[in-house]
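Student: Using the working numbering, the first residue of the sequence shown is number 1, and each one after it goes up by one.
Hints were generated in silico from the structure; no laboratory data involved. Glycine included, C-beta positions come from ideal geometry on N, C-alpha and C. Treat each hint with caution, since some may be false.
[As the list claims (entries may be wrong)] DEER-style ranges, computed between Cβ atoms:
{"id": "1", "residue 1": "M11", "residue 2": "S77", "range": "10 to 20 angstroms"}
{"id": "2", "residue 1": "P138", "residue 2": "T3", "range": "45 to 55 angstroms"}
{"id": "3", "residue 1": "E44", "residue 2": "L89", "range": "17 to 27 angstroms"}
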Amino acid sequence: MNTVDRSVAYMDAAMRRRFSFMELHPDTPPVAGLLDSWLRKRTEEQGVDPDAYDDSHVRLLDEINHLLADGSPGDRSFRVGPSYFMQDLAHTGDGALERLWKTQIIPLLTEHHWGDGTDVEAVYGLPALRARLNIPPPANAGSADSADDSANQ
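Work out the full structure, taking the sequences as your base and the hints as a guide.
Tutor: In structure tokens:
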């Protein structure tokens, strides 16, 4: 154990002695079901017909966490929480979800799988997950992606 590891271990022990901790895991209350209820309330507040509610964000999050759980059985320490999908970036404008995926979800999962040989895009890429879950891409998703790509050139 090097000096940095020891000092982090001391700090961790000191924090645990002074504070109580509550696990907020995506599979257990109060976090389980949070995204679904938040999206339903948001739909209602926007005056959208409740029958038109789209649960694709919830299904995508559940699938990511299912894949993470299968990839590391017995390790509950790494899952994706609902907060990624509870920000305006995930819901505003054409290609919003695609931008969220490109700028936040894929980089997070790439870092998690660093060096283990996982093809993150093939496993967790938005097109792959949509195909696996039978979620059609939005009609204008292709134009948003090309607009993002041309803006980056």
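Student: Work down the list of hints and note, for each, if the structure agrees.
Tutor: Hint-by-hint comparison with the structure:
no.: 1; hint: M11 x S77: 10 to 20 angstroms; result: 18 angstroms, holds
no.: 2; hint: P138 x T3: 45 to 55 angstroms; result: 51 angstroms, holds
no.: 3; hint: E44 x L89: 17 to 27 angstroms; result: 21 angstroms, holds
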